[in-house]
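Q: Here the protein sequences line up with chains A and B, keeping their order. When we follow numbering that gives the first Met the number 0, the leftmost residue of the first sequence carries the number 0, and every step to the right adds one. When we follow numbering that gives the first Met the number 0, the leftmost residue of the second sequence carries the number 0, and every step to the right adds one.
Simulated from the structure, these hints should not be mistaken for laboratory data. Heads up, the beta-carbon is just placed ideally off N, CA and C, and yes, glycines get one too. Fair warning: there could be bad hints in the mix.
Only part of the chain B face toward chain A is listed, based on derived beta-carbon distances under 7 Å [unchecked claim]:
1. L49
2. L51
3. A54
4. V226
Each computed DSS-like pair below joins lysine-lysine, with the alpha-carbon atoms no more than 30 Å apart [what the hints assert, rightly or not]:
5. B:K411 <-> B:K99
6. A:K37 <-> B:K99
7. A:K37 <-> B:K266
8. B:K35 <-> A:K37
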Amino acid sequence: MTLFPAWFFVFLVYASIAMAVAGGVLLLVLLIRDIGGKSIW
Amino acid sequence: MSEQSAVLSAPVGYFLLALFGVIWIALGIYWGRRAKSLDGFMVAGRNIGLALGTATAVATWITSNTTMLAPQFALQLGIWGMLAYSTASFGLFLFAPLAKRIRQAMPNGYTSVEFIRLRYGKSAYIVFLIISLFYGLTWMVSMGMAGGILLEALAGIPYVYGMSVILLVCVVYTLFGGLYAVIGTDFIQSIIILIGVVVVAVAILMRAPLTEIYDNLRTNRPALLDVFFPAAIMAVFNNLLFGIGEIFHSNVWWSRAFAMREGVGMKAYLLAGLIWLPIPVVAGFLGLAAPTMGINITRPDVVGPLVSAHILGYAGGILVFIVVFCSLASSIDSLLAATSDVVTTEIIKPLFMPNASEAMLRKAASMVIVAVGAITWAVCLPKVGTLASVLFFAGPLVGSTIWPIIVGLFWKKANPTGAVLAMALGSAVGLLAYVEIGWYSATLIGTGVSFLTTVGSSLLAPREFEWAVLLGERRAVTT
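So here's chain A without its partners, still in its complex pose:
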């Protein structure tokens, strides 16, 4: 049985958490930018 290496598992989880955090921050930044431009909708 060929297993995923430990480094891949560690990278996958940490990278995913980092992406989720970045996604939330990005949404807030975009909202602030849109509010600044007075055009959220």
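Given the coordinates of chain A, assemble chain B onto it according to the supplied hints.
A: Relative to chain A, chain B alone:
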């Protein structure tokens, strides 16, 4: 209800239901002031910016399945299970160029069914409408049932109460605010969901290092780390195509493409795909951590809440309850609005109100939302467990619409008869594969048959199409 699965007391569950119910309804009423016109109600004024456009795609695609089923997928299919679930984000990525094209080709459009009717004619319209309504209603019923079951499992709230309250709250705020309310609440819900899953994942990492979790899996459940886990690898292809089919055909996603202002759609769907991509891994990781934390899982479907409550105590239970509530609401409200748009403009208007004004259609859309909510509630009421599994039958049906939509949007010579046959044959052969071979092959085969039929017929018997037809009846009236 299993004592192990309840992570909150019922009074706390009721309080949270009431609190968030009041918040969503109040916001729906507040934003509903903008939704007086038909365009405001159905497509939020067609001027949605990048922030709300991105967030609404993220929140809608994070269903209760994403937060609850991803840990179960990981627990049963390992690393491939998480990766398989993540491939559903490809639907968002691939829809991005379509969103741009849809907005350009149909600046006054309302629904995906309208596109099929204008592009391919009445026969294709009927087949597509059946697929679209079947999928929309079964997805909504599965979400309503999931709501009742999850709230019962998390807080001991009786199934009927939890299911009814979630549906009622979504109906009320969508009724008042239309797509404005749906998209506005989606932004808040997406932020809450992202915070919730990240907090729980970080809390786990602080208790159990990843290397410890990996070593435990390698020793006790090595199959979950297997690079060549056959069932899991097959799940990748099924999830991928199911996700693409769901997004490409459903008016949930088309209505957002119409609602976003010019130049926003493509960026919004690409960013949404990037933000959504890691969620099944972050949520799914809870399932892989469970054995290391010594949690005995008797119900794999609630492994996420169990791990959260184990790590964060009562606060973890509250957090999961809120995340699940947001995941459910963000999908149910979208389905209510999108289904109402289709029924109002593509069934009620042509059949019963051909000369209706926009104000009359606006009223009709409100009544349809109530009716769709009531029908969903009635179907959910008996809690027939097998109903939720009906959604899996939708895989080949929605898969069969992928190519008629792509070809119809970008290729002038697409053959309308070929498109009808592609959807009918793709659905039929896909369902046959579901029964004869297995669920994992159904969407793949249905999509393949649809591809061959759509492209083959258009190459063998090309038909010219005037793109201006997609501008629709409004153009005909005004020019």
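Q: Sort out which numbered hints this structure fails and list those numbers smallest first.
A: Of the numbered hints, all hold.
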